[in-house]
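Since the structure of chain A is already known, use the hints to place chain B on it.
The listed protein sequences correspond, in order, to chains A and B. Numbering of the first sequence is given in the numbering used here, commencing with residue 54 and proceeding in unit increments. Numbering of the second sequence is given in the numbering used here, commencing with residue 54 and proceeding in unit increments.
Don't take each hint at face value.
Note: identical chains are not told apart, hence a pair may lie in one copy or across any two.
[Unchecked claim] The calculated DSBU-like cross-link candidates involving lysine-lysine, where the alpha carbons are at most 35 Å apart (straight line), are: (1) K406 / K83; (2) K453 / K322; (3) K390 / K318; (4) K453 / K390; (5) K425 / K453; (6) K194 / K261; (7) K453 / K319; (8) K419 / K79; (9) K83 / K453; (10) K223 / K93; (11) K453 / K79.
What the hints contain is simulated information worked out from the structure, not anything from laboratory work. The structure displayed is predicted, hence computed values, not measured ones.
Protein chains: 2
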Amino acid sequence: MTEFIEGGVTAAKGFLAGGIHAGIRKNRSKRDLAMIFCKKRAAAAAVYTTNLVKGAPLEVTRRHISDGYARCILCNSGNANTCNENGIEIAEKSSELVGIALNIEPSDVIVASTGVIGQPLSTAPFERGIPLLKEALSEGKEGSAQAAEAIMTTDTVIKEVAVKSVIAEKEVVVGGIAKGSGMINPNMATMLVFVTTDAAITPEMLQKAVSEDVRDSFNMVTVDGDTSTNDMFVVMASGEAGNDMISAEGEAFEAFKRALSAVTKKLCKMLAGDGEGATKALISRVSGARTKEIARIAAKAVIGSALVKAAFFGADANWGRVLCALGYSGAGIDPDKIDVSFSSRAGSIDVCKNGRGVTFSEELAKTILSEKEITTEINLNDGTESAEAWGCDLTYDYVKINGDYRT
Amino acid sequence: MTEFIEGGVTAAKGFLAGGIHAGIRKNRSKRDLAMIFCKKRAAAAAVYTTNLVKGAPLEVTRRHISDGYARCILCNSGNANTCNENGIEIAEKSSELVGIALNIEPSDVIVASTGVIGQPLSTAPFERGIPLLKEALSEGKEGSAQAAEAIMTTDTVIKEVAVKSVIAEKEVVVGGIAKGSGMINPNMATMLVFVTTDAAITPEMLQKAVSEDVRDSFNMVTVDGDTSTNDMFVVMASGEAGNDMISAEGEAFEAFKRALSAVTKKLCKMLAGDGEGATKALISRVSGARTKEIARIAAKAVIGSALVKAAFFGADANWGRVLCALGYSGAGIDPDKIDVSFSSRAGSIDVCKNGRGVTFSEELAKTILSEKEITTEINLNDGTESAEAWGCDLTYDYVKINGDYRT
Chain A
54 MTEFIEGGVT AAKGFLAGGI HAGIRKNRSK RDLAMIFCKK RAAAAAVYTT
104 NLVKGAPLEV TRRHISDGYA RCILCNSGNA NTCNENGIEI AEKSSELVGI
154 ALNIEPSDVI VASTGVIGQP LSTAPFERGI PLLKEALSEG KEGSAQAAEA
204 IMTTDTVIKE VAVKSVIAEK EVVVGGIAKG SGMINPNMAT MLVFVTTDAA
254 ITPEMLQKAV SEDVRDSFNM VTVDGDTSTN DMFVVMASGE AGNDMISAEG
304 EAFEAFKRAL SAVTKKLCKM LAGDGEGATK ALISRVSGAR TKEIARIAAK
354 AVIGSALVKA AFFGADANWG RVLCALGYSG AGIDPDKIDV SFSSRAGSID
404 VCKNGRGVTF SEELAKTILS EKEITTEINL NDGTESAEAW GCDLTYDYVK
454 INGDYRT
Chain B
54 MTEFIEGGVT AAKGFLAGGI HAGIRKNRSK RDLAMIFCKK RAAAAAVYTT
104 NLVKGAPLEV TRRHISDGYA RCILCNSGNA NTCNENGIEI AEKSSELVGI
154 ALNIEPSDVI VASTGVIGQP LSTAPFERGI PLLKEALSEG KEGSAQAAEA
204 IMTTDTVIKE VAVKSVIAEK EVVVGGIAKG SGMINPNMAT MLVFVTTDAA
254 ITPEMLQKAV SEDVRDSFNM VTVDGDTSTN DMFVVMASGE AGNDMISAEG
304 EAFEAFKRAL SAVTKKLCKM LAGDGEGATK ALISRVSGAR TKEIARIAAK
354 AVIGSALVKA AFFGADANWG RVLCALGYSG AGIDPDKIDV SFSSRAGSID
404 VCKNGRGVTF SEELAKTILS EKEITTEINL NDGTESAEAW GCDLTYDYVK
454 INGDYRT
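So here's chain A without its partners, still in its complex pose (with noise of 0.2 Å):
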């Protein structure tokens, strides 16, 4: 049993969290820097992006992490603290400073930066925000939406979900918040996502955990094609709902991985939904596979053409276009076995039945197309795998953020 519940990454016991402008950004009225912080060594894990190009936080977090443990995320947004000549002592120098802030090892922070790449940044913005964060950090829910807020770029709303699950008999709370926008093709990692839990879990486990779950959520989103080099997945266990401790694989750590993926999915929906100019949230859910990994590489070809994103946002009913993709996407399909179905609120219309077209109702399929979230069906009646990637509609306004992104 998994129910979601309100809150971020202050539902699970343990955590604190905040957000303040500490003017990273000109506009003083959006916040430019989070913290999430746990009162204990938390046990940790993350995945990063697989961009040979890597922001310098990245490099000091995997360094402060390799010991399974952490204290502390901090994390900026305006500027992603990348391509820039001295990245590495600004990402060193903002953990010292948490570390004095707090009372706690340098080495127990993670650090994030998302924004601008090469931008000219200095130390004095964390100088000055560091303390103001420090005294703005809260349990309550305010505490995890302001740092949800903080950590925004071109997101227009902040993403945060919580969910409480019952392990071996103890309440076990995971929560978390994310960014992304643009920039988001994850590869084995992802856009920005901290999340926390209570659950006692061995960093070991933890990781586990983090680098399965990763292969069907957050690596099965994309919004332009682009994978970030700045992507991180973070998730800190505070063991604070007294369960047994998780240290190998078994019923409760099934359970566990349930609730994180209760956590990550829901994540990744309203990332998706929130790309960069989208005004459709698009699923693409593909079944009969063969094999798990055609299953995936079907789906997200499908949910990341071009062709197939600026059709949705016309609600034009080209599913040619769909089985296009499924074609280039290198999955090995069987085109000839093809059936693929539109979905949404309004109704479902069976629109390609065996790789041929089927006639259908386009007053139907125009009425199920302008829906805000759309699903199409793709069943390759080859196998009994599945799987479903997140992406949005490819938009005007895509074009319009992205003509000019740095002014």
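Below, chain B without anything else, positioned relative to chain A:
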């Protein structure tokens, strides 16, 4: 010496071409059926899309060309003849109709189609159109222009190129037409490109020339990352130039490849510059790569990034996105060695050295990026190989064109 001359597929000796309105499109003022005819059996070679969903004409053409010779190319626009119940039947029937009209073997006919996928199609327009097309055939440049127009879909300009060159003291002509504007990300094949030459060359050496050429020509073009189901690149060689038959590698073969490459690379530029909605032609030139393959992958990734494309639309010198694309490209690059500059008719500007931003004049950058053709020069400083890729910016009009393509 390779010299550009007027004309397209009728520039080489031995070829006639024409284009008419056969009624596949509703708009009667738009030609929709093209023919290229050789007075004698010509050596023929082709490469096709790697998309697993393939247009029916590709299967028929592959069969017809398997003996290495052909007489005629028939190509319609307005319907891709893909994912149709009777696709093969229509492609075979059209070949027969051409055979009857021109008194040639149906198995010497190359068929191709382009347009919407999965729309019903009948043989009626071919029955009506092919006799008209026979009457329209011309050796003059108007024949090539008509054919080039008849294969257009969302293209805004016809695309034809011809060159003359000398092979073993004989003047040889190579000329071609192409269409393609969206769903363009060729992979071991291309959009529709038909090239004719009067060079004497065996089918085997012609195939070798075609297969080698495409790696650095059409495979290096992308408009939207979508590999079409109907891509085809065909070359027919009449032998009328009177050169000694090219039947092995050597000087004459190299000279032929250079002439072919002059035609195909020019067509690449024309295709990219006329990409759907494009306001700017983009070139990415990668040098200093360890291997040719790394150079190709890196150049293609930059030109394919939605974020890079949108930044160019906005004349925004957001070079961080170039670094980001190089980083996720899969090419083995060292981020800390990369230099980037932008250039156009208006000048050149360095924006990144050793993977770090350099101070530059935003004003000059804006001027350079406001031109119609912009080159991104990338030096990986890691070897001696280089490659070039062609693309276009991502604009409001791309979204508009593709939001409602079928109607």
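Hints and how they fare:
1. Taking the closest pair of Cα atoms, K406 and K83 come within 35 Å of each other only across two copies (32 Å); inside a single copy the shortest separation is 50 Å, beyond that limit.
2. Taking identical chains as interchangeable, the C-alpha atoms of K453 and K322 lie at most 35 Å apart whether they share a chain (23 Å) or sit on different chains (26 Å).
3. Taking identical chains as interchangeable, the C-alpha atoms of K390 and K318 lie at most 35 Å apart only when both belong to the same chain, with a minimum of 29 Å there against 38 Å between chains.
4. Taking identical chains as interchangeable, the C-alpha atoms of K453 and K390 lie at most 35 Å apart only when they sit on different chains, with a minimum of 32 Å there against 39 Å within one chain.
5. With identical chains, the CA atoms of K425 and K453 are at most 35 Å apart both within one copy (21 Å) and between copies (19 Å).
6. For the homomeric pair K194 and K261, the shortest alpha-carbon distance inside one copy (28 Å) is at most 35 Å, but the shortest distance between copies (66 Å) is not.
7. Both within a single protomer and between protomers do K453 and K319 lie at most 35 Å apart by alpha-carbon distance, with minima of 27 Å and 31 Å respectively.
8. Within a single copy, K419 and K79 get their C-alpha atoms only as close as 43 Å, which misses the 35 Å cut-off; across copies the closest is 22 Å, which meets it.
9. Both within a single protomer and between protomers do K83 and K453 lie at most 35 Å apart by alpha-carbon distance, with minima of 21 Å and 33 Å respectively.
10. In this homomeric assembly, K223 and K93 come within 35 Å of each other (Cα to Cα) only inside a single copy, at 20 Å, whereas the closest approach across copies is 84 Å.
11. Both within a single protomer and between protomers do K453 and K79 lie at most 35 Å apart by alpha-carbon distance, with minima of 21 Å and 34 Å respectively.
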